[in-house]
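K.L.:
Protein chains in written order, with my numbering: chain A, 659 to 1132; chain B, 659 to 1132.
Because the hints were derived from the structure by calculation, they are not lab data.
Keep in mind it's a predicted model, so treat the numbers as computed, not measured.
There may be inaccurate statements among the hints.
Where chain A lies over chain B, by a calculated footprint (3+ residues, C-beta under 8 Å) [as the list claims (entries may be wrong)]: (1) 745-759; (2) 855-865; (3) 886-893; (4) 941-947; (5) 1062-1070; (6) 1088-1100.
Derived CB-CB ranges, DEER-like [what the hints assert, rightly or not]: (7) 816/B / 869/A: 55 to 63 Å; (8) 745/B / 992/A: 30 to 38 Å; (9) 740/A / 810/B: 44 to 52 Å; (10) 815/A / 712/B: 17 to 25 Å; (11) 1098/A / 815/B: 32 to 40 Å; (12) 1064/A / 895/B: 37 to 45 Å; (13) 992/B / 782/A: 45 to 53 Å; (14) 668/A / 1057/B: 53 to 61 Å; (15) 1004/B / 755/A: 29 to 37 Å; (16) 1026/B / 1098/A: 38 to 46 Å; (17) 740/A / 1087/B: 45 to 53 Å; (18) 1004/A / 1057/B: 31 to 39 Å.
Glycine included, each C-beta is placed from N, C-alpha and C at the ideal position.
Number of protein chains: 2
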Amino acid sequence: MEHREPPGLEYIFHPRSIAVVGASTQPSGSAANVFIEPLLILDYPGAIYPINPKGGELLGLKIYPTLADVPGPVDLATICVPAPLVPQVMADCAHKGVKLAQIFTAGFSESGEAGERLEAEIAAIARRGGVRVIGPNCMGIYCPGTGLSFNPYFPRDSGAVGFLSQSGANINDVVEPGVHRGLRFSKVVSYGNACDLNECDFLEYLAGDPETQIIAMYIEGTRDGQRFVKALSQATRAKPVTILKGGRTQGGSRATLSHTSSLAGDDAVWDALCRQMGVIQAYNVEELIDILETFSFLKPPRGRNIALVGCGGGRGVLGADDCERAGLRVPRLSPEISRKLKDILPEAGASLHNPIDHPPVMAGWGGDSLLQTLRLVSGCENIDLLLAHIRLRLGFTRESVAEGVDTVIKAHRELGKPVAMALSSSGSVELYTLAHQLQQEFQQAGVPVYPTVGRAAHAISKLIGYHEQRNGVG
Amino acid sequence: MEHREPPGLEYIFHPRSIAVVGASTQPSGSAANVFIEPLLILDYPGAIYPINPKGGELLGLKIYPTLADVPGPVDLATICVPAPLVPQVMADCAHKGVKLAQIFTAGFSESGEAGERLEAEIAAIARRGGVRVIGPNCMGIYCPGTGLSFNPYFPRDSGAVGFLSQSGANINDVVEPGVHRGLRFSKVVSYGNACDLNECDFLEYLAGDPETQIIAMYIEGTRDGQRFVKALSQATRAKPVTILKGGRTQGGSRATLSHTSSLAGDDAVWDALCRQMGVIQAYNVEELIDILETFSFLKPPRGRNIALVGCGGGRGVLGADDCERAGLRVPRLSPEISRKLKDILPEAGASLHNPIDHPPVMAGWGGDSLLQTLRLVSGCENIDLLLAHIRLRLGFTRESVAEGVDTVIKAHRELGKPVAMALSSSGSVELYTLAHQLQQEFQQAGVPVYPTVGRAAHAISKLIGYHEQRNGVG
């Protein structure tokens, strides 16, 4: 007797109540507690029921011995008991009418044959009992809009990025640094071994979710290639989809087996599929964040011609190389523009061509000349976007760069062309602290910030390529 | 009447006295002052003579109106006056018997025909007067051993890296962050337009300098290809040479012209030359630092088989992909080793294969199990080096990771195989501060530290490739 919820997974993000099975009164000892504190921090509005046969109290919440003892309905059960106990808990879920179980517990299909059998068993119990399952071997759902979270440090405010990940740790590696880069998330799902709900279900959901404007995925493999291709095709037609695929090499592919029991598949087939669908591919977590930063904040440039404006001739040379290697062009400026630049930048040693050397090494950053330079370059017919760059060196202070920050933000607001920023520091804690502060200022003003010119160019090139493909160019 | 110093440039690093021409009494206003303060900070033992027609005092030093007014001999003159005044100063240098002039002033061959003529003029005056020249358009020499410096934040202690750069800013971009990565420098020369002493002179010198164990270069182009190839061949036979070449793309190449008036040359020819000579190529400043870190601190692995040990299954998968993409191998461990690992790591969800998932997500870092794991893996016949990795997440403290740091350092000391560390943090200032502190601890113990597994793998693969080529393998 199968019972299925109506299509559409919207309901899983709106549980009226949550039970956390396997909670303990010991501080931080139990994994289940990790799933309770974040709910309190995000002001989850429904009832929270810790479950442990011993009873007691946890973070001001009454602990119930079993699911059956919970007085009201339970929409979501987060399961953190040892693997051999999961079938019984799943049966309890079915009996209680739980709609969704997210199983944190590991030790299933990723760990060999016995685990595979156990996973099949819980999947069968769930199916028979009408319980949908996320996991096992996963972190479950982060949905700030409805107060769901599995990390006490994830922010309370929602954003444009929907993120699906077969790996729990990789979610932290994207969300925590992503937040510092100004990213916010609509729905994040760590789905682990995917014994029931899988990447296809969530991809279909995010494609239709009005809150999600960009879809990001970390995926190791899929068990239903045909359905995945269909879901991916639907999603890419609806919005940008960027995917970081794990297990693309022999060693990595072997590792996916023992991680989420995934067959990582053929690398060339994956590449071809992504190209056809217009999937934006990322090759590591840092690049995935750069891509999300770009798609979130950069107004799509109308072409590939970039102007580089920043201090240091050698930095400009390397920055130009980085841009052209990434598929952008650093075009010559017209003699007329170079002459006008000479009036703005009379200093000897400053390059008046593209890349433009501003300010010269010893000067402070900013001032009228920077704004004039950005305005002049933005007016060039053969320039599509501007990338300002600075490296905070020892001796720099908030004061010595404040004007530069204001100027770039002003240019971003007033110029017709997209403006981005590459901002790095020399390694000291003081300079990192300053860079971090400036980064927040830029991002709050809507200027995307990257750690290097090379990483900026790489991600920006992918944004341009995405729009070229959609417009039938290139 | 040409007069040349005897071959060998050793003397230029040992000036008995230094004049800084163009100094002013205004605080920080004059570029020349930038060249005086670092000398005081590094306790330069010789006499320092600021030169300015107005006279006066600067940082406790008497300012002399002209070079001729200086009572004693002047071995080195740093010239910071505006370009049109440089010929006169150069004539003064010749008259005073100055051995070496380093010309900071820009506005010469990099800025057009008039500048070219001016550069030819000063070169001729210098040649006639027996003055060797570094520059113009350069920062000159940093040599901590003899107290020479152009940056007040560069360290006082010497090290193994000799670094030549056509760009001044790129020197700061390598030395400042490099110092945080544990690098120290023997001699650093920013040589700019190279109107007299050039990359070939310095390369020949560093090849024979016993203090220099690794040579790094940032180069945009050379004017004497034949001599450069000879110097490079000699240098690569003597020690590892790693080069970051600017101007390898069309846009970058155009930029070198207005930066140091260099013709960047043909990219394919450059590649072929590097391959033949065994030059270790870097493509950006970050990679150059990673390579120097590796050649400075990592014991060369006897092969390409790497074991990855770190927290998070998905991180392991991506790390394995990064390693194999970089040309390393992440081999399977024998069933016997995996069985033994199971005794050490009984936690469900921990991968017992390579990459090894240790510790599982919720645990602290370190402990006996980490040391046992590293020992066991180090004993494997098919493992040549170990890379431990951790990402500091929000909630981590010095206490929660202290044991892990000690354990990796212990493994580095006691195991027969090379050990490296990939250490990153989630972006907050607090975690960066902690990561920075741990990095110093690792580096002081001789363990190389990289920001990501991918960057570690990339640089380590270059070290292995270097030794393979020297041993006639691969």
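K.L.:
Look at each hint and say if it fits the structure.
P.N.:
Each hint, compared with the structure:
1. A stretch counts as covered by a chain when three or more of its residues have a beta carbon under 8 Å from one of that chain; for the segment 745-759 of chain B and chain A the count is 0, and the coverage is violated.
2. For the segment 855-865 of chain B, the assignment as covered by chain A is violated, since 0 residues bring a beta-carbon within under 8 Å of that chain's beta-carbons and 3 are needed.
3. Taking a C-beta to C-beta cut-off of 8 Å, the segment 886-893 of chain B contributes 0 residues in contact with chain A, too few for the three needed, and the coverage statement is violated.
4. Counting residues of the segment 941-947 of chain B whose beta carbon lies closer than 8 Å to any beta carbon of chain A gives 4, which meets the minimum of three for the stated coverage.
5. Check on the segment 1062-1070 of chain B: 0 of its residues sit with their Cβ under 8 Å from a Cβ of chain A, so the three-residue criterion for coverage is violated.
6. Under a criterion of three residues with beta carbons nearer than 8 Å to beta carbons of chain A, the stated coverage of the segment 1088-1100 of chain B is upheld, 3 such residues being counted.
7. Look at residue 816/B against residue 869/A: about 58 Å separates their beta carbons, and that is inside 55 to 63 Å.
8. In this structure the hint that residue 745/B and residue 992/A lie 30 to 38 Å apart at CB holds, the actual value being about 33 Å.
9. The supplied range of 44 to 52 Å is broken by residue 740/A and residue 810/B, whose beta-carbon atoms lie about 59 Å from each other.
10. Distance hint for residue 815/A and residue 712/B: a CB-CB separation of about 59 Å, inconsistent with the stated range 17 to 25 Å.
11. In this structure the supplied range 32 to 40 Å holds for residue 1098/A paired with residue 815/B, their Cβ-Cβ distance being about 35 Å.
12. About 53 Å separates the C-beta atoms of residue 1064/A and residue 895/B, a value inconsistent with the hinted range of 37 to 45 Å.
13. One distance hint, 45 to 53 Å for the beta-carbon pair residue 992/B and residue 782/A, is violated here, with the actual separation near 36 Å.
14. Between residue 668/A and residue 1057/B the C-beta distance comes to about 43 Å, which lies outside the given range of 53 to 61 Å.
15. Roughly 35 Å separates the CB atoms of residue 1004/B and residue 755/A, a value that falls within the hinted 29 to 37 Å.
16. Hint check: residue 1026/B to residue 1098/A, Cβ distance near 41 Å, so the stated range 38 to 46 Å holds.
17. Remark: the range hint 45 to 53 Å for residue 740/A to residue 1087/B is contradicted by a beta-carbon distance near 38 Å.
18. Range check, residue 1004/A to residue 1057/B: about 56 Å between beta-carbon atoms, so the 31 to 39 Å window is missed.
Violated hints, in rising order: 1, 2, 3, 5, 9, 10, 12, 13, 14, 17, 18; the structure is consistent with all others.
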